[in-house]
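Top to bottom, those sequences are chains A and B.
Start counting the first sequence at 3; every next residue gets the next number (the numbering used here).
Start counting the second sequence at 3; every next residue gets the next number (the numbering used here).
It is worth saying that the hints were derived from the structure and are not from the lab.
Ideal Cβ placement from N, Cα and C applies to all residues, glycine included.
Some clues are possibly wrong.
In the EDC-like style, the derived pairs of lysine to aspartate or glutamate whose C-alpha atoms are separated by at most 20 Å in a straight line are [as the list claims (entries may be wrong)]:
hint	chain 1	residue 1	chain 2	residue 2
1	A	LYS182	B	GLU300
2	B	LYS111	A	GLU267
3	B	LYS111	A	GLU261
4	B	LYS111	A	GLU263
5	B	LYS111	B	GLU214
6	B	LYS111	B	GLU12
7	B	LYS111	A	GLU391
8	B	LYS111	A	ASP383
Away from chain A, derived, C-beta distances all over 12 Å, residues of chain B [said to hold, decoys possible]:
hint	residue
9	SER4
10	TYR148
11	MET189
12	LEU321
If you only want the chain B side, here are some residues facing chain A, beta carbon under 8 Å, derived [claimed, not checked]:
hint	residue
13	PHE5
14	ALA100
15	LEU104
16	LEU107
17	ALA124
18	TRP301
19	LEU310
20	LEU315
21	PRO318
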Amino acid sequence: MTQGKASPDTEPSAARSAWGPRLGWDRGALARRITALPVPAKWTLIGAFVVFLYALPLLEIPILSTPDTDFGAVLFTVASYVLVALGLNVVLGYAGLLDLGYVGFYAIGAYTVAVFGSLQAQLSWWLLIPMAVVFTTISGVLLGAPTLRVRGDYLAIVTLGFGEIIRLTALNTDWLGAAKGITGVPRPPSVELFEIPHLQWEGATAVIDLDDTTTFLVFGVADQAPYYWLALTVIFIVLGADRMLRLSRVGRAWEATREDEDAAELMGVPTFRFKLLAFASGAFIGGLSGALFASRQGFINPESFQLLLSILFVAAVVVGGAGNRWGVIMGAIVVAYLPERFRGFEEWRLLVFGMALLILANFRPQGLIPPRRTRRAQAVDEQLEALEEGTDRV
Amino acid sequence: MSFLIDNFVELTVTGLVLGAVYGLVALGYTLVYGVLQLINFAHSEVWMFGSFAAVWVTVALGVAPGSALPIVIGVLLLALLAAMTVSGGVALLLERVAYRRLIRLDAPKLVALISAIGASFALAELMGLRDRVAGWLGLRDTLDPYVRSARDNTRFRNPLETEGVFSVGGYTVTNVDIIIIVSAILMMVALDQFIRRTRTGRGIRAVAQDSEAAALMGVNRNRVIRATFLVGGIMAGAAALLYLMRFGVTRWNAGFLLGVKAFTAAVLGGIGNVRGALLGGFVLGLAENYGSALIGSEWRDVVAFLLLVVILLFRPTGLLGESLGRARA
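Input sequences plus hints: build the corresponding full structure.
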């Protein structure tokens with residue numbers, strides 16, 4: 003979507019032409035076209051896209067599908083990364099707090115489900131999920147209250163330390179299953195309603211394959227599609243909440259805190275309380291994601307919550323464009339899907355992943371889809387620069 | 003508790019040895035942070051490459067333990083030189099590939115962190131895949147002793163035999179212990195003097211204080227940044243050899259945990275503070291040893307991280323404060 007393709011009905015302003023070519027992406031064009039559609043058409047389009055997302059594991063689209071692993075499972079992994087990225091985006095993108103121990107919340111969510119669902123008690127799944135969320139939110143507040151007083155990079159290191167402490171505590175405590183982990187984590191309750199056939203592709207033609215079906219809605223071991231649907235539903239709910247928060251007083255307070263903490267404080271924003279709120283909301287979503295992960299997996303051990311995972315989460319958010327929810331979704335998809343898609347090159351995938359991160363960070367430092375504010379700020383910067391230089395670019 | 007008292011000397015000496023390694027690696031973090039205010043996440047890989055360079059030198063020369071002393075010293079010096087060269091080179095490469103463009107664009111710190119994380123992944127994987135890379139280049143057979151079992155531990159055959167020198171409190175202090183602690187302190191003093199007295203050192207301090215003003219005063223900022231990375235890399239190379247002399251194994255992903263610990267040491271001592279790095283390393287090494295003696299060795303890393311968190315909460319600038327820029331000449 004280059005500058006040249008911008009729809010003719012909007013006059014390209016001077017500022018835009020200054021930053022347009024450099025960013026190489028005029029998101030405005032696509033967004034404007036969709037907004038310009040009549041309301042019913044718009045909703046049909048969105049509805050069709052949502053249906054498409056739900057149908058993904060059934061369609062088995064040749065290029066998209068992963069040949070080496072169950073596509074439903076991959077989609078679930080991607081969905082849980084998206085969920086985590088949305089949560090971390092609140093902390094990192096909106097409030098600007100670098101949390102390198104985010105996996106800790108993910109672990110607390112997963113461990114709550116596992117410990118109270120299997121190891122120490124056998125509670126119902128419906129009770130476990132709210133419990134996991136409450137526990138992680140509380141832990142977010144407990145962790146945030148002392149640590150949020152330190153700023154910037156130090157916060158990153160403190161959270162990194164806490165993330166590791168949580169993992170190592172799980173590793174060394176018998177009550178939490180220690181190194182061997184916890185098996186028999188409860189799965190979501192199943193209701194067997196009807197069967198949905200998958201598609202099978204021969205070249206470019208699709209055939210409905212009646213032998214390969216997914217039972218709606220059975221959360222089993224073999225077929226992972228229902229978990230994906232569950233995660234997708236949760237994502238839509240979180241997206242709605244995220245949008246409301248962002249547009250509220252809270253969202254503006256976060257933005258002010260992120261841009262200039264002292265100025266925000268002077269303007270009467272209780273920055274500490276809002277940072278704590280961001281931390282707790284982020285923990286909430288992270289815990290939810292961890293709980294879903296544990297109930298899908300059926301088995302967890304401390305190995306699943308390495309520091310590396312925290313770093314991947316941060317990478318997802320920053321690569322996508324911290325602060326833009328569509329951006330971070332994109333980033334999560336890149337970080338989670340690409341390695342799975344190229345499992346054929348198993349050995350090389352992390353090398354390629356590292357190089358991809360390096361290249362993305364260097365050549366697209368603002369993220370794949372940067373938030374509107376970043377682009378506005380950049381436009382202003384470049385305008386000023388051009389004015390200072392006295393060139394006639396503006 | 004009694005275990006701690008009975009083995010107090012041993013715990014102290016081994017803690018100091020470990021701390022010396024942490025301190026030397028921590029220098030890389032501290033210098034880069036002092037100059038650029040960036041966490042050089044890939045510095046652990048700089049250390050890891052140095053450790054492999056040292057191993058390869060001993061493999062290539064094939065000196066058996068117990069050779070004549072001059073040969074042993076020669077081999078160790080060669081290994082040191084190789085480790086320093088390779089680590090310094092990797093650090094420079096890192097600066098070029100992962101940082102230079104972002105520094106020029108004045109990109110957000112977070113992006114530089116991601117870039118460094120990407121570089122760290124790529125470097126570690128490259129080492130883990132070295133047999134594949136060699137095979138790809140058609141050198142698999144020629145390079146076999148260097149690249150075989152790339153994903154497993156690689157052993158370092160120390161040409162210097164470990165022997166006791168003197169006994170204190172039931173622990174025999176070995177020659178290796180002494181070499182490590184003394185050389186770490188010597189290198190730290192040398193680096194401190196380098197930063198305080200030389201022209202390049204003055205440049206580093208100037209850029210750390212105020213990079214724009216330094217540029218206006220004629221300091222070549224890019225050169226200073228390169229020098230910073232190079233010095234950090236050289237120290238990491240030395241740390242790699244010292245580490246191998248004591249612990250004897252390295253592997254493609256060994257850098258990660260050591261890097262996190264070294265960074266902890268840097269923060270403990272006051273990040274950006276060169277003297278603080280060694281002090282932080284020693285404190286961390288001792289705290290880890292005493293802590294694991296008190297509550298069990300499986301809690302070792304927890305002790306390290308708890309110490310970090312507590313220090314940051316109560317004294318966020320570390321033990322000696324952040325002061326690369328403020329160091330007086």
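task: Mind checking the alpha carbons of B:LYS111 and B:GLU214 for me, to see if they're no more than 20 Å apart?
output: At roughly 17 Å apart (the allowed maximum being 20 Å), B:GLU214 and B:LYS111 satisfy the hint.
- prompt: Beyond 12 Å from every Cβ of chain A: is that where the Cβ of B:LEU321 lies?
  reply: Since the minimum Cβ distance to chain A is about 14 Å, B:LEU321 lies beyond 12 Å and the statement holds.
query: Regarding the pair A:LYS182 and B:GLU300, is the alpha-carbon distance no greater than 20 Å?
result: Holds, at about 15 Å.
- request: Grab the minimum beta-carbon distance between B:SER4 and chain A and tell me whether it stays above 12 Å.
  value: 22 Å, holds
- prompt: Do the numbers back the hint for B:ALA124, that is, is its least Cβ distance to chain A under 8 Å?
  reply: 3 Å, holds
message: Does the closest beta carbon of chain A sit nearer than 8 Å to the beta carbon of B:PHE5?
response: 18 Å, violated
Holds or violated: B:LYS111 to A:GLU263, with C-alpha atoms at most 20 Å apart: Measuring from Cα to Cα gives roughly 17 Å; hence the hint holds.
query: Between B:LYS111 and B:GLU12, does the CA-CA distance stay at or below 20 Å?
result: It is violated: about 42 Å lies between the C-alpha atoms, which goes past 20 Å.
Status of the stated non-contact between B:TYR148 and chain A (beta carbon gap over 12 Å): 18 Å, holds
- prompt: Hint check: is the beta carbon of B:PRO318 less than 8 Å from a beta carbon of chain A?
  reply: 5 Å, holds
- prompt: B:LYS111 and A:GLU267: Cα distance at most 20 Å?
  reply: 23 Å, violated
Given pair status - A:GLU391, B:LYS111, alpha carbons within 20 Å: Cα-Cα ~26 Å, so violated.
Checked against the numbered hints given earlier, this structure breaks hints 2, 6, 7 and 13; the rest are met.
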